[in-house]
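J.: Construct the entire structure; sequences and hints are all you get.
Each chain, written out:
2 protein chains.
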Amino acid sequence: MLVASTFQKIFEGPELTLTHKAEEAFALAADWGTTSLRLWAFSHDGKTLAQRRSSEGLNALRREDFEPVLRSHIAHLQAEVSFPSPLPVVLCGMAGARQGWQEAPYLTVPAQLDGMIAQAVSLKLPGIDIRILPGLAQRNPEHPDVMRGEETQLLGLASKCSDFSGLVCMPGTHSKWVRLENGSVEEFTTSITGELFGLLSKQSILRHSIGEAAASAEPTPAFRQGVAEGLADPSQLLTRLFALRARDLLFASTGPEAADHLSGLLIGTEAAANLRGVPKVSEIAIIADTKFMQLYAFAIGEAGYPLAAHDADAAVQAGLFQAAHKFWPAAANIKAACR
Amino acid sequence: MLVASTFQKIFEGPELTLTHKAEEAFALAADWGTTSLRLWAFSHDGKTLAQRRSSEGLNALRREDFEPVLRSHIAHLQAEVSFPSPLPVVLCGMAGARQGWQEAPYLTVPAQLDGMIAQAVSLKLPGIDIRILPGLAQRNPEHPDVMRGEETQLLGLASKCSDFSGLVCMPGTHSKWVRLENGSVEEFTTSITGELFGLLSKQSILRHSIGEAAASAEPTPAFRQGVAEGLADPSQLLTRLFALRARDLLFASTGPEAADHLSGLLIGTEAAANLRGVPKVSEIAIIADTKFMQLYAFAIGEAGYPLAAHDADAAVQAGLFQAAHKFWPAAANIKAACR
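Residue numbers (my numbering), protein chains in the order written: chain A, 1 to 339; chain B, 1 to 339.
For the record, the hints were derived by calculation from the structure and aren't laboratory data. Keep in mind that this is a model prediction, so the values were computed, not measured. One or more of the hints may lead you astray.
Note that the list lumps identical chains together, so a pair holds whenever it fits in one copy or between two copies.
As the list claims (entries may be wrong) - Heads up, simulated DMTMM-like pairs for lysine to aspartate or glutamate below, C-alpha to C-alpha not over 25 Å straight-line:
#	residue 1	residue 2
1	Lys47	Asp65
2	Lys280	Asp233
3	Lys291	Glu181
4	Lys160	Glu212
5	Lys202	Glu142
6	Lys326	Glu23
7	Lys202	Glu212
8	Lys202	Asp65
9	Lys326	Glu181
10	Lys160	Asp313
11	Lys291	Asp311
12	Lys202	Glu218
T.: Structural data, given as structure tokens:
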């Protein structure tokens, strides 16, 4: 196999030892979604040696651009950490969707997260071994759902906290709430909260009251009020949205207040809907970037639950490293240190 | 007053009697909103002698166009029913908003609908007496709300069914649910259901599953399923939207099915949220156009309530006629026949 033999060359020199140098890159990994590409070079022991972030998401590219774009980013990484080309690459995210680069068919839940690794698909490019991780599908006709990308963060969480069982909240454009039991995804639900915030604030009647204001990343008083309303009665979301416009017309609320109130109302409603029936002693794991962490932590805390915060970026890297470690074990024979 | 004297001329000829000819136009009326203009010529006894419909809503016009556009439509009506120019005009809708033609400040609820007539504002154009009806404002800081246009339909309903007390459902881009007690608006709530349907079906991730499909005006099986979900648990709206996308990806649902399912989910959720706590013996009045009547009647019927259906177009005309009749009683001294 061309790719494997090329890869082996890295370790054929006189510096090859049974345990590789910890600071050597042994694999690359990328989360390639519709709006962004993030690429990392991992060391044998799971450290990130270099990274690239780009707005070259799949939606911004033609199919024929995928390969040159990836190669160009790899070349940039290589200039930074100087690895003999080419290293293998593990991908997650929309790259594996039907309309992505190459389809990695969904794993059906309930599913052990480990199963993702076995069900990855290979994409052979001259000189590079690429593996694409599958997403997850919930084939329940009453409650169908899919995810692509978040499952790799879950794999990272499970690698770090192998005994975690409970509800995981993953905020975003399409938030996922996932019930995880001993490394198995039992069920999950998507809420299009982030997308709805964007549509309502920029394109609905509410835009006249919100203007150019963006929602704060901190729980302001208006955000807290919205959270309180959403938590108190998630069934009234539809009847509460227009009040943000009326509050401006009748009480001259400001754009930032309206934006934060809307953000709080949506997040509070999402939390209440997803936490229904969950005992208040259960710790909720939140996997989020800094932008969402404070807001969701506030809402879930207000709902009365203990929390554990996990950085989304670290989680996806940990998941991708787990996968890389399984795909190419000869190259990473030091036990992975899960961050 | 120029306008009044010009108007009196109509009745100075030899045909003037104490009771005017029923088929003579005595006033014009218009519902002028952001996206459309509807104009009618009323007879003394409340018949509509002629009408015009135009997409020249206020949003499509510059301020300086308002007068020539109205005059041009009046001229067309005049060609049809041949009234001596000019007749007085009563307007309702966004024409009276701050950013409309001339502000007609809101009447604060609770408010007798009759009060709208006393609080109308005059707009004097050379040769035309124009009155603009106010909207309603609910100045409750916890639940602020406003309406412009629907209050005139309520005035029409009250003129027709003076003893109606109960909940009125007025579906639309921004649906209103109004508690009416003996001709007084006690409170109301706006749900941006129609606008949300448009945003979700055309601009969200769901557009990939809905495509060009429009929602049916009849309760299809997919609509009924959505209504059942919304009625059963209005708190889960946020968690149910993405299922429409997943159902397409996993079970190949069609665009029309997804559109109807979304329509039913939103309308069922709106109905459940607004009907909470309303005793099932209460008759719900629906004021709607034919497009919405069947869908809302189905949802409200499914929720277990008796219904009374009122055509929205007839209701706004009846309300405008009531107002015209009060503004210009000398010209309409035959008792109004409320339809």
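J.: Among all the numbered hints in the text so far, which are the ones the structure does not match?
T.: 1, 3, 4, 8
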